[in-house]
Amino acid sequence: KAGVTQTPRYLIKTRGQQVTLSCSPISGHRSVSWYQQTPGQGLQFLFEYFSETQRNKGNFPGRFSGRQFSNSRSEMNVSTLELGDSALYLCASSPLGLHGANVLTFGAGSRLTVL
Amino acid sequence: DAKTTQPTSMDCAEGRAANLPCNHSTISGNEYVYWYRQIHSQGPQYIIHGLKNNETNEMASLIITEDRKSSTLILPHATLRDTAVYYCIGSNTGKLIFGQGTTLQVKP
Numbered sequence: 001k002a003g004v005t006q007t008p009r010y011l012i013k014t015r016g017q018q019v020t021l022s023c024s025p026i027s028g029h030r031s032v033s034w035y036q037q038t039p040g041q042g043l044q045f046l047f048e049y050f051s052e053t054q055r056n057k058g059n060f061p062g063r064f065s066g067r068q069f070s071n072s073r074s075e076m077n078v079s080t081l082e083l084g085d086s087a088l089y090l091c092a093s094s095p096l097g098l099h100g101a102n103v104l105t106f107g108a109g110s111r112l113t114v115l
Numbered sequence: 001d002a003k004t005t006q007p008t009s010m011d012c013a014e015g016r017a018a019n020l021p022c023n024h025s026t027i028s029g030n031e032y033v034y035w036y037r038q039i040h041s042q043g044p045q046y047i048i049h050g051l052k053n054n055e056t057n058e059m060a061s062l063i064i065t066e067d068r069k070s071s072t073l074i075l076p077h078a079t080l081r082d083t084a085v086y087y088c089i090g091s092n093t094g095k096l097i098f099g100q101g102t103t104l105q106v107k108p
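Going down the list, the protein sequences come from chains X and V. For what it's worth, this note's numbering labels the leading residue of the first sequence as 1, then goes sequentially. For what it's worth, this note's numbering labels the leading residue of the second sequence as 1, then goes sequentially.
Just chain V, with the same shape it has in the complex (with noise of 0.2 Å):
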């Protein structure tokens, strides 16, 4: 499974779109990129995944670079509901290597 790497924490005001980062530069040809969101003392919630191309889903916008070492999560116009651990995995097992995360704080 592919080692990915998030900033810990990012701001982002309510309205605005929120574009959290991701790297996994260890990523194989085979692995999916995946989000996942936790709210507080919830299970996490899945967002999105992709393999190569950009994705987009009612919640986000996955963008991949072309080398496949990073990605994107974009959400278009965060709301307070939004505030959680986001978190990029790469992976193509029935395993899951969650790291850190990113803690998403939208603000009013």
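If we strip away everything but chain X, and leave its shape as in the complex, we get (with noise of 0.2 Å):
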């Protein structure tokens, strides 16, 4: 079966400007979560939609904005764009989301350079 698809996989911006990422998750996954990786914070939590609400939000300012659609597939934005949001945006998918096993499917991230 298809995997995580994220879109784009590269993508460049200025300082001020906004940016949308987008995930597809594998078919029958309700659970999508977002994660940021920069070299020196590593790989961080950012927020969990599952069947279209949020569920679980990381430590991240308001510039930092999702949401879920009634398929299953996620967004994420950020607006007002600074330098130290360069970074690699994964997604991942599972069934359940909440209790129980877990287990994540990531996608191959978007990577994101603001100039």
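Worth flagging that the hints you see were computed from the coordinates, not collected in a lab. Remember, predicted model here, so these are calculated numbers, not experimental data. Mixed in with the good hints there might be a few duds.
As the list claims (entries may be wrong) - Here are the computed distance ranges between Cβ atoms for each label pair:
(1) V:N19 x X:L83: 14 to 24 Å
(2) X:A101 x V:T72: 36 to 46 Å
(3) V:G99 x X:R9: 31 to 41 Å
What the hints assert, rightly or not - Below, computed lysine to any residue pairings styled on SDA-like, alpha-carbon distance capped at 20 Å:
(4) V:K52 x V:S25
(5) V:K3 x X:Q44
(6) X:K57 x V:K3
(7) V:K3 x X:G42
Glycine included, each C-beta is placed from N, C-alpha and C at the ideal position.
Two chains, two separate frames, one set of hints: put the complex together.
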């Protein structure tokens, strides 16, 4: 079956702009979570969506937002981009996402460069 | 989510078993222990998970101590392609808190 698909794979933006990243989960998976990876901070949890509702949230400013559609596809948006937002943004999907064993399948990521 | 402690780096000879330790002394009774790995610039890849019992799959074995305060991931016959950063995570929710992980270098 198809894996987790993230688009775009690479993008370059300038400070102050906004960006929208897309994630298509594995068919049947209802949970989608987002992570930011930078050399300095490592992998950090952004938020998780389950059945169109945000269920968990990490410690990121309000400039980072997301949503999930009825088909479980998810988007994340970063507004007023800063240089420090340059990172690899990873999306992961799982069947359940709440309690019990929760195996995540990650996408290849979207690499954002802010100039 | 449990706080985990892993060595920063380890080396292993190709063909030998790689044993990666993890301390998770604060893990709660219903938190699973997960292992993921990340090869440079790719998304993390799930390896194995367990709750109380030892587990084995086609990739690795997971040994969890009886008190659940630590675990060991075993790659039985390491290959050069197993060179990666390995993350041990304790969680029972939809989010995973990644630490710095262990960089495993498999050498020929």
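Results of checking the hints against the structure:
no.	hint	result
1	V:N19 x X:L83: 14 to 24 Å	violated (41 Å)
2	X:A101 x V:T72: 36 to 46 Å	violated (19 Å)
3	V:G99 x X:R9: 31 to 41 Å	violated (27 Å)
4	V:K52 x V:S25	holds (14 Å)
5	V:K3 x X:Q44	holds (14 Å)
6	X:K57 x V:K3	holds (18 Å)
7	V:K3 x X:G42	holds (15 Å)
Taken one by one, the earlier hints fail for this structure at numbers 1, 2 and 3, listed in ascending order.
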